[in-house]
Amino acid sequence: KISKEGVEKFRRAGSDVIIIDTAGRLHIDEGMMDEIKRIRNAVKPHQVYLVLDAMTGQEAVNIASAFNSAVECDGILLTKLDSDTRGGAALSINYVVKKPIKFVSNGEKVDDFDLFYPDRIASRILGKGDVLTLVEKAEKVFDQKKAEELSKKIEKQQLNFEDFIEQIKAIRKMGSLDKVMSMLPIAKNNKAFKKIDFDQSHIDRMEAIINSMTVNERRNPDIINGNRKKRIATGSGNSVNEVNKLLKQFAKTKQMMKNFSSVKGKLGLPFGDQAGG
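Under this note's numbering, residue 367 is the last one in the sequence shown; the count climbs by one each step, no gaps.
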């Protein structure tokens with residue numbers, strides 16, 4: 091009754107799209123499955139989508155099968171593909187239920203909601219990452235003109251901390267660092283991969299240190315001596331050791347970005363080897 095009245099109200103208001111979000115339910119809960127049938131019969135929706143957690147693995151197949159039997163869904167929306175799971179459940183669901191996976195979600199924001207591309211999931215399952223999605227996200231947050239200017243700086247080894255913090259801000263818009271890295275074709279058991287710090291607090295710490303530098307220090311990192319390090323550490327609430335780590339990481343990132351500069355659509359990643367002190 092509530093669903094039917096709600097739909098009628100929004101139709102009178104001229105709404106083009108009306109979404110009814112029902113509570114999550116298990117396939118073994120007959121009462122809730124019966125409720126979903128009644129809702130469908132009452133509102134007669136144009137499309138019915140089942141939202142599934144990719145982390146549930148093969149259990150997702152059982153849920154999808156029961157849901158489809160109850161209300162005949164039109165497609166699947168797979169969530170939490172930003173987790174360690176590679177999305178293998180997607181293949182099983184499609185094979186067993188014979189329903190297309192229409193959308194995937196890589197996070198909790200609107201920008202994390204994407205169309206489903208079978209070839210990209212296949213690439214992820216095989217451990218080859220999802221570079222196409224990464225490129226699309228990068229194109230949305232990186233300004234082309236600034237990217238060209240940055241490319242020239244990288245080639246001339248003129249990268250400074252002002253450029254560095256701009257890259258940090260851009261990557262923040264793309265999502266968490268571990269999400270970005272999960273799209274790269276790097277094996278999780280790769281030794282270099284394991285040394286990378288995916289903790290978001292690490293990015294926050296770097297940003298605080300850079301913000302505690304003077305404009306001159308950001309533009310000319312080579313002038314940062316012992317006394318300047320102490321002042322920056324105090325101002326950012328970090329230790330001198332953390333400041334030293336950032337300076338080392340910055341030097342490594344400059345070299346890494348120079349190596350990447352020959353790749354179309356250069357993308358600077360503000361992180362480095364965390365093994366060193």
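For the record, the hints were derived by calculation from the structure and aren't laboratory data. The beta-carbon is built from N, C-alpha and C at its ideal position, and this holds for glycine as well. Careful: at least some of the hints might be erroneous.
Here are the computed lysine to aspartate or glutamate pairs in the DMTMM-like style, where the Cα-Cα straight-line distance is at most 20 Å [stated by the list, open to error]:
#1 Lys134 x Asp106
#2 Lys94 x Asp124
#3 Lys259 x Glu307
#4 Lys170 x Asp202
#5 Lys259 x Asp294
#6 Lys199 x Asp209
#7 Lys134 x Glu198
#8 Lys189 x Asp201
#9 Lys342 x Glu332
#10 Lys199 x Asp164
#11 Lys170 x Glu95
#12 Lys127 x Glu162
#13 Lys236 x Asp209
#14 Lys243 x Asp202
#15 Lys99 x Asp124
#16 Lys170 x Asp124
#17 Lys263 x Asp204
#18 Lys189 x Glu238
#19 Lys263 x Glu307
#20 Lys263 x Asp201
#21 Lys342 x Glu297
#22 Lys188 x Glu149
#23 Lys170 x Asp204
#24 Lys134 x Glu162
#25 Lys259 x Glu297
#26 Lys127 x Asp111
#27 Lys342 x Asp294
#28 Lys320 x Asp294
#29 Lys344 x Glu297
#30 Lys94 x Asp143
#31 Lys342 x Asp202
#32 Lys188 x Asp202
#33 Lys99 x Glu120
#34 Lys134 x Glu149
#35 Lys188 x Asp201
#36 Lys127 x Asp106
Computed spacing ranges between beta-carbons, pair by pair [stated by the list, open to error]:
#37 Met145 x Asp312: 40 to 48 Å
#38 Ser329 x Gln137: 21 to 29 Å
#39 Lys242 x Met145: 29 to 37 Å
#40 Arg262 x Gln345: 19 to 27 Å
Status of each hint after checking the structure:
no.: 1; hint: Lys134 x Asp106; in the structure: 16 Å, holds
no.: 2; hint: Lys94 x Asp124; in the structure: 16 Å, holds
no.: 3; hint: Lys259 x Glu307; in the structure: 19 Å, holds
no.: 4; hint: Lys170 x Asp202; in the structure: 10 Å, holds
no.: 5; hint: Lys259 x Asp294; in the structure: 10 Å, holds
no.: 6; hint: Lys199 x Asp209; in the structure: 24 Å, violated
no.: 7; hint: Lys134 x Glu198; in the structure: 28 Å, violated
no.: 8; hint: Lys189 x Asp201; in the structure: 24 Å, violated
no.: 9; hint: Lys342 x Glu332; in the structure: 15 Å, holds
no.: 10; hint: Lys199 x Asp164; in the structure: 24 Å, violated
no.: 11; hint: Lys170 x Glu95; in the structure: 32 Å, violated
no.: 12; hint: Lys127 x Glu162; in the structure: 10 Å, holds
no.: 13; hint: Lys236 x Asp209; in the structure: 31 Å, violated
no.: 14; hint: Lys243 x Asp202; in the structure: 31 Å, violated
no.: 15; hint: Lys99 x Asp124; in the structure: 24 Å, violated
no.: 16; hint: Lys170 x Asp124; in the structure: 27 Å, violated
no.: 17; hint: Lys263 x Asp204; in the structure: 15 Å, holds
no.: 18; hint: Lys189 x Glu238; in the structure: 43 Å, violated
no.: 19; hint: Lys263 x Glu307; in the structure: 26 Å, violated
no.: 20; hint: Lys263 x Asp201; in the structure: 9 Å, holds
no.: 21; hint: Lys342 x Glu297; in the structure: 17 Å, holds
no.: 22; hint: Lys188 x Glu149; in the structure: 16 Å, holds
no.: 23; hint: Lys170 x Asp204; in the structure: 12 Å, holds
no.: 24; hint: Lys134 x Glu162; in the structure: 12 Å, holds
no.: 25; hint: Lys259 x Glu297; in the structure: 9 Å, holds
no.: 26; hint: Lys127 x Asp111; in the structure: 14 Å, holds
no.: 27; hint: Lys342 x Asp294; in the structure: 19 Å, holds
no.: 28; hint: Lys320 x Asp294; in the structure: 19 Å, holds
no.: 29; hint: Lys344 x Glu297; in the structure: 17 Å, holds
no.: 30; hint: Lys94 x Asp143; in the structure: 27 Å, violated
no.: 31; hint: Lys342 x Asp202; in the structure: 30 Å, violated
no.: 32; hint: Lys188 x Asp202; in the structure: 25 Å, violated
no.: 33; hint: Lys99 x Glu120; in the structure: 30 Å, violated
no.: 34; hint: Lys134 x Glu149; in the structure: 28 Å, violated
no.: 35; hint: Lys188 x Asp201; in the structure: 28 Å, violated
no.: 36; hint: Lys127 x Asp106; in the structure: 24 Å, violated
no.: 37; hint: Met145 x Asp312: 40 to 48 Å; in the structure: 46 Å, holds
no.: 38; hint: Ser329 x Gln137: 21 to 29 Å; in the structure: 55 Å, violated
no.: 39; hint: Lys242 x Met145: 29 to 37 Å; in the structure: 43 Å, violated
no.: 40; hint: Arg262 x Gln345: 19 to 27 Å; in the structure: 23 Å, holds
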